[in-house]
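Mind docking chain B with the ligands on chain A? Use the hints.
2 protein chains.
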Amino acid sequence: IESVDYITSHRTTVLPGLVNITALLPGGDGFEQATRAAICGGFTMLGISAHGADAFATTSDQSVSKVKSAGRGHAHTDYVVEIAATEANPTAAAALSADAPILYVSFDRSHPVHVDKYSAVSEHFKAWPQNSAVITNASGNDLATMLLLASLFSRQIHVTDVRTPEDLDLIDLSRARGLCATCDVSVYALFADRLPAIEGLQSNVQPLWSRLSAIDCFTVGVLPAQAAKAAGVKDVNPATLGYQLVLPLLYTAVSEGRLTSADVVERFCNAPRRIFGLPEQPDTYVEIHRDRLVRIPPKSDDAKWFPDILAKPAHCAVHRVVMRGKTLLLDGMFYDQGLAPVGRDLCHVLRTMSSGPSGKQFAQPPAMAAGALSVKT
Amino acid sequence: IESVDYITSHRTTVLPGLVNITALLPGGDGFEQATRAAICGGFTMLGISAHGADAFATTSDQSVSKVKSAGRGHAHTDYVVEIAATEANPTAAAALSADAPILYVSFDRSHPVHVDKYSAVSEHFKAWPQNSAVITNASGNDLATMLLLASLFSRQIHVTDVRTPEDLDLIDLSRARGLCATCDVSVYALFADRLPAIEGLQSNVQPLWSRLSAIDCFTVGVLPAQAAKAAGVKDVNPATLGYQLVLPLLYTAVSEGRLTSADVVERFCNAPRRIFGLPEQPDTYVEIHRDRLVRIPPKSDDAKWFPDILAKPAHCAVHRVVMRGKTLLLDGMFYDQGLAPVGRDLCHVLRTMSSGPSGKQFAQPPAMAAGALSVKT
Ligand SMILES: [Zn+2]
Ligand SMILES: [Zn+2]
Ligand SMILES: [Zn+2]
Ligand SMILES: [Zn+2]
Ligand SMILES: [Zn+2]
Ligand SMILES: [Zn+2]
Ligand SMILES: [Zn+2]
Ligand SMILES: [Zn+2]
Numbered sequence: 029i030e031s032v033d034y035i036t037s038h039r040t041t042v043l044p045g046l047v048n049i050t051a052l053l054p055g056g057d058g059f060e061q062a063t064r065a066a067i068c069g070g071f072t073m074l075g076i077s078a079h080g081a082d083a084f085a086t087t088s089d090q091s092v093s094k095v096k097s098a099g100r101g102h103a104h105t106d107y108v109v110e111i112a113a114t115e116a117n118p119t120a121a122a123a124l125s126a127d128a129p130i131l132y133v134s135f136d137r138s139h140p141v142h143v144d145k146y147s148a149v150s151e152h153f154k155a156w157p158q159n160s161a162v163i164t165n166a167s168g169n170d171l172a173t174m175l176l177l178a179s180l181f182s183r184q185i186h187v188t189d190v191r192t193p194e195d196l197d198l199i200d201l202s203r204a205r206g207l208c209a210t211c212d213v214s215v216y217a218l219f220a221d222r223l224p225a226i227e228g229l230q231s232n233v234q235p236l237w238s239r240l241s242a243i244d245c246f247t248v249g250v251l252p253a254q255a256a257k258a259a260g261v262k263d264v265n266p267a268t269l270g271y272q273l274v275l276p277l278l279y280t281a282v283s284e285g286r287l288t289s290a291d292v293v294e295r296f297c298n299a300p301r302r303i304f305g306l307p308e309q310p311d312t313y314v315e316i317h318r319d320r321l322v323r324i325p326p327k328s329d330d331a332k333w334f335p336d337i338l339a340k341p342a343h344c345a346v347h348r349v350v351m352r353g354k355t356l357l358l359d360g361m362f363y364d365q366g367l368a369p370v371g372r373d374l375c376h377v378l379r380t381m382s383s384g385p386s387g388k389q390f391a392q393p394p395a396m397a398a399g400a401l402s403v404k405t
Numbered sequence: 029i030e031s032v033d034y035i036t037s038h039r040t041t042v043l044p045g046l047v048n049i050t051a052l053l054p055g056g057d058g059f060e061q062a063t064r065a066a067i068c069g070g071f072t073m074l075g076i077s078a079h080g081a082d083a084f085a086t087t088s089d090q091s092v093s094k095v096k097s098a099g100r101g102h103a104h105t106d107y108v109v110e111i112a113a114t115e116a117n118p119t120a121a122a123a124l125s126a127d128a129p130i131l132y133v134s135f136d137r138s139h140p141v142h143v144d145k146y147s148a149v150s151e152h153f154k155a156w157p158q159n160s161a162v163i164t165n166a167s168g169n170d171l172a173t174m175l176l177l178a179s180l181f182s183r184q185i186h187v188t189d190v191r192t193p194e195d196l197d198l199i200d201l202s203r204a205r206g207l208c209a210t211c212d213v214s215v216y217a218l219f220a221d222r223l224p225a226i227e228g229l230q231s232n233v234q235p236l237w238s239r240l241s242a243i244d245c246f247t248v249g250v251l252p253a254q255a256a257k258a259a260g261v262k263d264v265n266p267a268t269l270g271y272q273l274v275l276p277l278l279y280t281a282v283s284e285g286r287l288t289s290a291d292v293v294e295r296f297c298n299a300p301r302r303i304f305g306l307p308e309q310p311d312t313y314v315e316i317h318r319d320r321l322v323r324i325p326p327k328s329d330d331a332k333w334f335p336d337i338l339a340k341p342a343h344c345a346v347h348r349v350v351m352r353g354k355t356l357l358l359d360g361m362f363y364d365q366g367l368a369p370v371g372r373d374l375c376h377v378l379r380t381m382s383s384g385p386s387g388k389q390f391a392q393p394p395a396m397a398a399g400a401l402s403v404k405t
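Those protein sequence lines, which keep their order, are chains A and B. Per the numbering used here, the very first residue in the first sequence carries number 29; after that it's consecutive. Per the numbering used here, the very first residue in the second sequence carries number 29; after that it's consecutive.
Hint data in this document are derived by calculation from the structure and do not stem from the laboratory. Please note that the accuracy of each hint is not assured.
One copy or any two copies: either way a pair holds, since identical chains are not told apart in the list.
Stated by the list, open to error - EDC-like mimics (lysine to aspartate or glutamate), calculated; alpha carbons at most 16 Å apart, straight line:
id	residue 1	residue 2
1	LYS94	GLU60
2	LYS145	ASP197
3	LYS96	GLU60
4	LYS145	GLU194
5	LYS145	ASP200
6	LYS154	GLU115
7	LYS96	ASP373
8	LYS262	ASP329
9	LYS94	ASP127
10	LYS96	ASP127
Bound conformation, chain A alone (with noise of 0.2 Å):
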């Protein structure tokens, strides 16, 4: 982000590296412009989703080989790939858990790879290693079932791009009885009440906003690119989308003082590591400006999906990120440094799922991991 400094002397807040669980899958070779778009956001860590914003999705050995190969010297971030399910891969998709380990169950019926039956589902269940994770982006009456297997087969479950307080409290209540499941929100559907073009989000805001406690992750999601499709904006790449207004509309929030800076540590980087067994990243961080106040330049790809993030400044800037020692970005400038970028493929070194079917771990309130924010002055 290109930012004008209105304060001279101001604060470092230094974050963990953030996660963003379901990243869009780039299209082709854009791999190195969206983890270089991650990065400029503060993110360090991409779940890269079964689905991209065209027809392609990872369903098959081949499908993942090709991410993988796309992913291999030319990820800036680190990342695990993620398999789609299909009514024809339940097999197929658990033989590739070591590769890609954890599985989407997506409902969108706009993608063409989906699933409609929930005896799929059920298959998937069933083949599907016990300990590797699952993700759904079901909801409403896919949500409920989904659920309702996840209960019948003992399954931990994340429920991702949760839009509705109805499925919100859905999920708690089934947490409350001890199922094992766990939720993320896109920042863009808490902040809908800004993005005219999205139908049904903005009457959401609020209800979301008052239900903080339940959500235990942040995401990007696939509202940016919803979002840009919808206002018809050409020439972008989908999958860059949204990483850099992150922390700005977050931190402006916490000095409105909606939220904490815990609340965005916790979801946006203990709860996915925590969730899904990702690992710590050495010598990784993030520094933010947390009270400077910056202007999105209004040629960047994110001006033209959500204009009104132009309408007034945002608090918080991202100063500095530095990968494994390296600084990538600094004051705005992205440094690869000649050298190809550094992302791993975590795939070999994911732990386990840390959480039997009792859920009694995502039942407890959040804890902060000590130590994950520090002040330097």
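Showing chain B with the ligands alone in chain A's frame:
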């Protein structure tokens, strides 16, 4: 049923008395009329649903007492009174469970008494005795959620008036995973291709027939009342409708080879008694002429809401209905013998629910009780 006997010599089949587990709650002093219609159809036991065709429902001590008073000395069938779940009455309903031992959780938003919030169902599951039955008419989203809650609370649940193959499949899948769920389908959903007034049902007729093995019970259901209302039929008591067409319709299907007599006995006699712990009725039975062709009288109430039933003769006439040794119906004539009706409130003789949360009994194929059917010449 007044009927023309086309065949002078015919075999008589003896069935146990039929059970309609969700009989419409009769309004005012309609108990005698509704139970007489039931007897004329071969039904000797009714679950009196918590809901009537009007706004009335049994939700409290007062309303349960009112229904019980209306039934005492005015019921020709045995019966059990059900209680409606509301958001306000989890504690009150549980306290009434000895007198109204079946909890009815309705999601029918066209009736003023229904449940909207899942948290209310939670409260009922916490309060309602573990061994007492729960019936719900939930469908779609509500059904998935009810099954989820039943799973989380380890409760047995009976789903009434299932109308879509999707809902049946979801119940069957849950059952295959050990959930203790049973269901019924209205006979009229199985013949809805002949009911022009009810939208959306016709395309489900064949899918429902093809899933007969997943259907535990048949019921009369609320379809006759709904069809009569949709067709603007006046001057009928909704609680009397449908009973007398049940056996003619089902045995016409038997004569066409789509069903067996054992299927009928299992789903209308044995299964409801087994599932709800209903007692045997001594010296109580129904004699039918399976091979007799009958025509429904054009002026009967049932001909008003189901005009297509007049188009061709149906197989099967109810020849005789015997309740506790007394013949109440013989060849179309109802005999009350100048005595008060002998039907009993069964609330204190219900066996506790026969099954634990494993639901194994229900996952097994229905077994025919030995001697349930006998044939005389
Ligand atoms: Zn490259
Ligand atoms: Zn589809
Ligand atoms: Zn700076
Ligand atoms: Zn600075
Ligand atoms: Zn009377
Ligand atoms: Zn309502
Ligand atoms: Zn006869
Ligand atoms: Zn005869």
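Hints the structure fails to honour: Violated hints: none; all satisfied.
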